[in-house]
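A.B. asks: Could you build the full structure based on these sequences and the hints that come with them?
Numbering-wise, the sequence shown is residues 1 to 293 according to the UniProt record's numbering.
No lab work stands behind these hints: they were computed from the structure.
On a predicted model such as this, the values are computed, not experimentally measured, just so you know.
Hints may be right or wrong, so weigh each one.
[To be verified] Dumping the calculated DSSO-like pairs for lysine-lysine here, alpha-carbon to alpha-carbon at most 30 Å: (1) Lys207 x Lys177; (2) Lys207 x Lys161; (3) Lys161 x Lys177.
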Amino acid sequence: MSGLGPTSHRYFSQGLRLHYVDWGNDAAPPLILVHGGNDHCRSWDWVAQALCDRFHVIALDLRGHGDSDHAPGSHYPTHSFVLDLAQLIAQRQLAPVNILAHSWGGAVSTIYAGTYPENVARLMVIEGWGPSPAMEATQAGLAPHERLRQWIENTRAVAHKRPPRYAGIEECVTRMKAANTRLTDEQARHLTVHAATQNEDGTYSWKYDPYVRVLAPIWHGSAEMAGFWGRIACPVLLVRGTESWAVDPVGTGRAAHFKDVRVEALERAGHWVHHDRLETVIELAEAFFPHAQ
Numbered sequence: 001m002s003g004l005g006p007t008s009h010r011y012f013s014q015g016l017r018l019h020y021v022d023w024g025n026d027a028a029p030p031l032i033l034v035h036g037g038n039d040h041c042r043s044w045d046w047v048a049q050a051l052c053d054r055f056h057v058i059a060l061d062l063r064g065h066g067d068s069d070h071a072p073g074s075h076y077p078t079h080s081f082v083l084d085l086a087q088l089i090a091q092r093q094l095a096p097v098n099i100l101a102h103s104w105g106g107a108v109s110t111i112y113a114g115t116y117p118e119n120v121a122r123l124m125v126i127e128g129w130g131p132s133p134a135m136e137a138t139q140a141g142l143a144p145h146e147r148l149r150q151w152i153e154n155t156r157a158v159a160h161k162r163p164p165r166y167a168g169i170e171e172c173v174t175r176m177k178a179a180n181t182r183l184t185d186e187q188a189r190h191l192t193v194h195a196a197t198q199n200e201d202g203t204y205s206w207k208y209d210p211y212v213r214v215l216a217p218i219w220h221g222s223a224e225m226a227g228f229w230g231r232i233a234c235p236v237l238l239v240r241g242t243e244s245w246a247v248d249p250v251g252t253g254r255a256a257h258f259k260d261v262r263v264e265a266l267e268r269a270g271h272w273v274h275h276d277r278l279e280t281v282i283e284l285a286e287a288f289f290p291h292a293q
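C.D. replies: Structure representation (structure tokens):
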């Protein structure tokens, strides 16, 4: 990475002090970058740096992630993240806004766009159109009391388990590369520096709240998500990696619920398509989002 980078800012949602970075260029069309689960806003740095001369790029840390506050009670239903996005857009008066989102951030952004269709100009989603059919089938087969019991037991399990601690930053980098073997050494180190924090005893831990990994007892399956997808008024670009574990939005019929949609499948890419095929993702974004000349 080169250049000075973005400036850090704070805003509030439900009393939580949340963090975002702003890449400047306020006069340009706004573009919000929304990360996925267990991630952080600086995961977008390469994309942001390539687009900030044509867009006013803002990347946020959702609650429980990066440098944003953790939620009281450690409860993270998807709609709370939608509120965080809505608050940022409202407080910064960014609507109508362009959104580029990944994974869980994609689900958050499509729900927002379906709830406030007038506020989104264009929406590009990377691997973020809901749970796998297998996961959905498992959850759909549970009665409400069973889902609640599952959430309670999983929450207790996290409470009784000490988050992993790493002796040094190099150990964290190794773990980062193990999570995505396609990362270069430079990518892995950059992501790690912004994802990890040093503890009082000198060890390192990940910044995200371990409780974000617990599936909430109230969640949105594809049938309910289809209602949000069908309300989105703006053009939508769905991008997937052909070597990812995420489902194909065309093959599963999910893409058909969008009014104005295009799907791009990129080879040699897993779930983190914007890391695995960075230049192609930038090219797609430049062509898809309208920008000032």
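A.B. asks: Indicate, hint by hint, whether the structure satisfies it.
C.D. replies: Status of the hints after comparison with the structure:
1. The straight-line distance between the Cα atoms of Lys207 and Lys177 is roughly 17 Å, inside the 30 Å bound, and the hint therefore holds.
2. A threshold of 30 Å between alpha carbons decides the hint, and for Lys207 with Lys161 the separation of about 16 Å falls inside it, so the pair holds.
3. Between the alpha carbons of Lys161 and Lys177 the distance comes to roughly 24 Å, so the proposed pair stays at or under 30 Å and holds.
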